[in-house]
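Let the sequences and hints guide you as you build the complete structure.
For reference, the chains in residue letters:
Protein chains: 2
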Amino acid sequence: MNYTFSKKVDSLKPSAIREILKFTSIPGFIPFSAGNPSPEAFPVNEVNEIIKDIMTNRPIDALQYSITEGYTPLRDRLKKYMTDKHSSFKEFDELIITSGAQQVIELATKSLCDEGDTIICEEPSFIGSLNAFRSYGVNLCGVPLEHDGINLEKLEHELKTQKNVRFIYVIPTFQNPSGVTMSLSKRKALYALALKYNVIILEDNPYSDLRFSGENVPTIKSLDTEGIVLYAGSFSKVLAPGIRVGYAIAPAQIISKLVVCKQVSDVHTNIMFQIVADEFMGQYDFDAHLQKLRDIYRKKATLMTSSIDKNLSKDITYNAPEGGLFVWCTLPSHVDMLDYCKRAIDQKVALVPGSAFIIDGNAPCSNFRMNFSTPSDEQIIKGLELLGKVSF
Amino acid sequence: MNYTFSKKVDSLKPSAIREILKFTSIPGFIPFSAGNPSPEAFPVNEVNEIIKDIMTNRPIDALQYSITEGYTPLRDRLKKYMTDKHSSFKEFDELIITSGAQQVIELATKSLCDEGDTIICEEPSFIGSLNAFRSYGVNLCGVPLEHDGINLEKLEHELKTQKNVRFIYVIPTFQNPSGVTMSLSKRKALYALALKYNVIILEDNPYSDLRFSGENVPTIKSLDTEGIVLYAGSFSKVLAPGIRVGYAIAPAQIISKLVVCKQVSDVHTNIMFQIVADEFMGQYDFDAHLQKLRDIYRKKATLMTSSIDKNLSKDITYNAPEGGLFVWCTLPSHVDMLDYCKRAIDQKVALVPGSAFIIDGNAPCSNFRMNFSTPSDEQIIKGLELLGKVSF
Chain R
86 MNYTFSKKVD SLKPSAIREI LKFTSIPGFI PFSAGNPSPE AFPVNEVNEI IKDIMTNRPI
146 DALQYSITEG YTPLRDRLKK YMTDKHSSFK EFDELIITSG AQQVIELATK SLCDEGDTII
206 CEEPSFIGSL NAFRSYGVNL CGVPLEHDGI NLEKLEHELK TQKNVRFIYV IPTFQNPSGV
266 TMSLSKRKAL YALALKYNVI ILEDNPYSDL RFSGENVPTI KSLDTEGIVL YAGSFSKVLA
326 PGIRVGYAIA PAQIISKLVV CKQVSDVHTN IMFQIVADEF MGQYDFDAHL QKLRDIYRKK
386 ATLMTSSIDK NLSKDITYNA PEGGLFVWCT LPSHVDMLDY CKRAIDQKVA LVPGSAFIID
446 GNAPCSNFRM NFSTPSDEQI IKGLELLGKV SF
Chain A
86 MNYTFSKKVD SLKPSAIREI LKFTSIPGFI PFSAGNPSPE AFPVNEVNEI IKDIMTNRPI
146 DALQYSITEG YTPLRDRLKK YMTDKHSSFK EFDELIITSG AQQVIELATK SLCDEGDTII
206 CEEPSFIGSL NAFRSYGVNL CGVPLEHDGI NLEKLEHELK TQKNVRFIYV IPTFQNPSGV
266 TMSLSKRKAL YALALKYNVI ILEDNPYSDL RFSGENVPTI KSLDTEGIVL YAGSFSKVLA
326 PGIRVGYAIA PAQIISKLVV CKQVSDVHTN IMFQIVADEF MGQYDFDAHL QKLRDIYRKK
386 ATLMTSSIDK NLSKDITYNA PEGGLFVWCT LPSHVDMLDY CKRAIDQKVA LVPGSAFIID
446 GNAPCSNFRM NFSTPSDEQI IKGLELLGKV SF
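Residue numbers (my numbering), protein chains in the order written: chain R, 86 to 477; chain A, 86 to 477.
Honestly, the hints are just simulated from the structure, not real lab data. Treat the hints with caution; some may be incorrect.
Same chains, same names: a pair is fine if it fits in one copy or spans any two.
Unchecked claim - Using 16 Å as the maximum straight-line C-alpha spacing, the simulated EDC-like pairs for lysine to aspartate or glutamate come out as follows:
no. : residue 1 : residue 2
1   : Lys93     : Glu200
2   : Lys137    : Glu364
3   : Lys281    : Glu231
4   : Lys281    : Glu243
5   : Lys165    : Glu131
6   : Lys92     : Glu407
7   : Lys273    : Glu241
8   : Lys165    : Glu231
9   : Lys395    : Glu243
10  : Lys281    : Asp431
11  : Lys248    : Glu463
Quick look at the structure:
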């Protein structure tokens, strides 16, 4: 049989990162291409204690069907936490538990976009989100990122000229892949522009709890007086990614559509780990846990940047990260970036070519992304020694 | 802000069953409306032992990111099991682990259907699937169900006259809601028709392991010599639904599209319970476990049908189930079914109105669905006594 696939999906390629992940799980490769949290960041003993308690005292709660909106105690806890700690849950908002923040991106796209509608995003941007957008046949419009966030003039130009813009997608803190954090003044200006042009902002914020230097910047959601921000949060980087627990905060009308879409997608998120996330935040010192993660990642990021300084040509520049999991590097413009990444593979060092994060993957690109959370300290040292051997 | 939603999603209503589930979780209601497995069917001790072992010996495996296709040992085990036990994994097939069988339905629809394409389904059919189809803006075409499966003449008429039919959706064994099992001869004829008209069959099979009387009927997938069957399986009814683990078997080309769609939806299914499912099948006697479930459900089904016989008017007819979780009842045609269900609620007995399973929810319908796996034995007895008081 000749299979015919939907037009929106037929053109979709598997994520380069996922493909590289599979490739670099081969022992012997230095996994700078991944985005996995460090295994030492997982609170294994605490999770073990919580699961023991659940399986002893209320196993049926963790095994039976549950409701699509999510485990009510976790929803209530997150509403309070996001209100008290980040001013990011408003009186008009609701909250849904999702199967990771990736599901927020998908549910938002499905709920808000018809085929041919436009989504504006930072460029470069997270490949998982770009592919989710593509999978609904939307028109993707990239706006260049600057050192302090999205280029506002170009953003307004696109808002003026593009048709049916349904939302602006941003990762304002420790952006993936660039590591850029949007300044507060740009966040305010972005919010004002979105309001002026009557467009929703999708704020994807998986990394902000992982700030290990510099000053916190308020979320865009915290500025949201008019109900135009859909916020995506996640336990992947602050608890564990394999559990697939994230959440969305948005005006109740939007959340109700996300609930309907989630119902037909996976009914509900696995309930055991919703309870685990709730109990972890309730029984343990969550702030102290986050502090521990910051210490782990500060150390690893510093090791990576000092190893870059020691081993790589000064012609390769990078942004010193203040948080998140990545270092974004720029090659001199005369260097063929894809060729460089291929020769890194020959040295058994896996990088992500920057073009993976660009809407037009064939456009010229001089960047590559390196991750410091997955490799061990030894791998970081060894990997950069090996990368130093790749000449150009 | 006035929110604008996508056309395909804007018209979608929350599932009546999910809404009723919420309603009937209020203590005091008899939950004949649910579809939950019986809590006594969950292998709590075994799951507890397996999780203990994982958290002691390889916690990182269960907490770290994993690959979209699913946990390789579980995939390999299911391929072998479905080959050896059900002849339902072919040499051209691949297998993906999903977040419940509901996700198979969604990924299949997204991968195979553009807006306006046609899906043919049995009528009545499972509301969760109907809503997943609706959420992609497809044209839904219902073909009446008979005592031995779909009406083949009407099916062929639709295959001839409908445009862009992308697949035929069937639940051939213990159909939800009707309980009907398609005869082997109809399965063969259905397969031949699908082949003739070059249309894929989506075979949704969550209940077949729960046969407690009568003879097993081979899956449609087992007849699939030409690679036209996409099979959806699930651990929800044979292990536990809260864990959200299901799977799809289909020709490799189709599975590769499902993988791409799953990647942008939830990256992967929670990995802990993929390992649990694998270890449960490997370490314990899965056949003996299924036999235990059959004994539980035979007893509960018999209690429900004997209580119907004892309490309800003989004018209410039903199909005695040979498996699955439901009894499908038919009221005399002069009775207002919705009014009957409302008056059952007054007696604190929750039923699902049959119209929930019909494409045109406003079409005349004389059926209601009762579930025997969720209520306790006492609730079954009490519930049917109460339902007997609802006159017509």
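So, going through the hints one by one against the coordinates:
1. For the identical chains of this complex, Lys93 and Glu200 are neighbours both inside a copy (8 Å) and across copies (10 Å), given an alpha-carbon limit of 16 Å.
2. Within a single copy, Lys137 and Glu364 get their C-alpha atoms as close as 12 Å, which meets the 16 Å cut-off; across copies the closest is 18 Å, which misses it.
3. Taking the shortest Cα distances, Lys281 and Glu231 never come within 16 Å of each other, neither inside one copy (22 Å) nor across copies (57 Å).
4. Taking the shortest alpha-carbon separations for Lys281 and Glu243, only the intra-copy value of 13 Å comes in at or below 16 Å, while the best inter-copy value is 49 Å.
5. With identical chains, the CA atoms of Lys165 and Glu131 are never at most 16 Å apart, being 22 Å at best within one copy and 36 Å at best between copies.
6. In this assembly of identical chains, Lys92 and Glu407 lie within 16 Å of each other by CA distance neither inside one copy nor across copies; the values are 41 Å within and 42 Å between.
7. Taking identical chains as interchangeable, the C-alpha atoms of Lys273 and Glu241 lie at most 16 Å apart only when both belong to the same chain, with a minimum of 14 Å there against 60 Å between chains.
8. Taking identical chains as interchangeable, the C-alpha atoms of Lys165 and Glu231 are never at most 16 Å apart, the minima being 34 Å within one chain and 53 Å between chains.
9. In this assembly of identical chains, the alpha carbons of Lys395 and Glu243 never lie at most 16 Å apart, being 42 Å within a copy and 70 Å across copies at closest.
10. In this homomeric assembly, Lys281 and Asp431 never come within 16 Å of each other (Cα to Cα): the closest approach is 51 Å inside a single copy and 51 Å across copies.
11. With identical chains, the CA atoms of Lys248 and Glu463 are never at most 16 Å apart, being 50 Å at best within one copy and 60 Å at best between copies.
The structure is inconsistent with the numbered hints 3, 5, 6, 8, 9, 10 and 11, although it conforms to all the rest.
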